[in-house]
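Using the sequences and the hints, build the whole thing.
Going down the list, the sequences are from chains A and B.
Read in this note's numbering, the first sequence has 75 at position 75, and its numbers run on one by one without any break.
Read in this note's numbering, the second sequence has 52 at position 52, and its numbers run on one by one without any break.
If you are wondering where the hints come from, they were derived from the structure by calculation, not from laboratory data.
Every residue gets a Cβ at the ideal spot worked out from N, C-alpha and C, and that includes glycine.
Treat the hints loosely; a few may be bogus.
Chain B is faced by these chain A residues, among others (derived, beta-carbon under 10 Å) [stated by the list, open to error]:
1. 43
2. 271
3. 286
4. 290
5. 299
6. 311
7. 313
8. 326
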Amino acid sequence: MPHMGNLYIPFKALFQRLNIDFVIPPLNNQRTLSLATKYSPEGLCIPFKLTLGNMIEAAELGADTIIVPGGNAICRLGYYAKIQEQILREMGYNNVAVVQVGISEHKLVGLLKKIKHLSNNASWFRIISAFGFGLSKLNALDRIERVVQKVRARELVKGTANQLYSQAISAIDRADDYHTLKKVQAGYLDQLDQVTKDPLAQPLLVGVIGEFYVVLEPFSNLDVESELGKLGVEVRRTTFTSEWTKFSFFLNPLGINEKDRLHQAALPYLKRDVGGVGWESVGEKVVHAKEYDGLIHLAPFTCMPEIVAQNIMPSMKEGIPVLSITCDEQMAKAGMLTRLEAFVDLIKRKRPVANNNRPVVTI
Amino acid sequence: MRIGIPRALLYYQYYPMWQTFFEELGAEVVVSPPTTQAMLAEGSARVVADTCLPVKAFLGHVLSLVEQCDRIFIPAIRSVKKNTCNCSKALGLPDMTKAVIPESPPILDIDIDINRGKRVLYQAIYKLGRHFTWNPFRVRRAATAAWQAYLNYRELMSSQGLTPRQTIEKLSDAPETKGEMSSSYPAPTRATIALIGHPYIIYDEYISHRLVRRLETAGIKILTPKMLTIEELESAITRLAGRAYWAYEEEIVGAGGHYLQSGADGVIGIMTFGCGPDSLMMDMVARRAARPQATPFMSLTLEEHTAEAGLVTRLEAFTDMIHRKKRRQGSR
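Following this line, the structure appears as structure tokens:
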């Protein structure tokens, strides 16, 4: 299973409970990226390259089955598994099977069936309880991350929240029953609450939108969220893995679709699904125009749906500032920081003065 | 009513069909002139830099039509076969055009999605026809005639090995424009090269730097994906890629697979930089070409900045290599 943010933690829990033999490739790092760029076709996007890098590193560790999400989505994603498997074959990993789980067609049942197959026919009861435990880890992680986003912008000693966050991740990873998990979650939420914060802080609100992989994988976006936090900006985003699972596994089959709201909002500008999350990106700009001070639009280089969104955004009448950042393997931190600082300065100046209750200090 | 059709992207696949449909419904069809540098520059100025070359050219064509017509026809084609899908940029084209060219005349768009069944397709066609007439039978007649025109067009291309431009001229009985892209060059055929790539790249003389003409003057016979029959394509696709995924790019893989095995002395794959589907499909063909005993393969990636001299050098080197190979095989 390739990495995407903290997704490996719930899966690790799931596999452990079912006694499935698994390896976790190293988290995305410079070596992953170099391997990935070396073996990928040049014109493909960063999600393809990084996931390929994960696969190579997993194969080095002896993995023989790699699960990837896929399916008949309109973006290129649905085809990736096939090419990635070919690349692995050509590298000499002949016994690695890349198994594609068609999330869009088979939904939850498809994934569960695949897991049942992998676990040598464990009973459905065990699978579902393990899956449930994985899900609750996922929820705990995302709940803490939401609080971290808030604390980052207000903390006096920069970096405290990040430190707590990484501790929390490994603690959640270690927790092996519901009770400890609950305790860990409550403990860290409490600690985050205790972090000394600037009482007068009125952080700017910036929404992070765009393609889900680069939004969720901090390595691919050079950790844009914590950089924004350091600049005193509170980050909000709607893309969380737990949200996504909740909706696409449990609520969508019942006919509840949170995305309808975004699609409705996007209608005047984009009338149809263009694959990936291009439609949602346009919708989010409309929905959040009033509540946020600015938006950061992340897209991988050559991402087709996001190019459509990028082209449409400037002509929309919602006048919220948008900074488009294109992520690829040649992105450099210094350049991104300069752009972020300039963007934050811009929205700070744009903020209506009436809203600014900060006492004016005159010397 | 005058309907503008940009001479770009799907024009090369479907123009006879669209033309027949609109003319049957009593509209006049205006086609934009062939791509020029100015058109491409104007188109590029409207969009973000990441956008691919064909879309930039397409917008240039739309801009050139702005004053010329009352409506512009830009279809959004999602799928042309069950369980396939099309590139996002092609899907978002009507909306994107509206966003970046606000001065354009109203856009006639039609959603074509075979995945959703025949009923939806017929409804979409009827909805498009409603712009012209209230009579559903007239729309139906026009659609049938259009489909027939399309079948004729494909038939002509694959049976006589014509380029879309020649075929369109033949169908409309227009006097043939002399010289341009016709295979009337007297030079004897020295080799056969298959060009694989989207029709809107191969046949757009400006975008492809007159590739077809260059090769033809050098005495090389050109084969393109459009000259294969659907059966030939499909068998090659199953061999190479298994299940078809894309609406148009399968054609490239299929043709690549076919010509790499037989029928050509060399294969040239042309794609544009930043093309999403092609970056995958060309890679698939290139991997197949890397196997021993495959026909020689060269991949060309085009973009706005491609310098003609570099392209010519590579072409010459490739053709020289093929000639040498043929001589060696002949003398043996």
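Check your understanding: Any of the earlier hints contradicted here, and which numbers?
Key -> 3, 4
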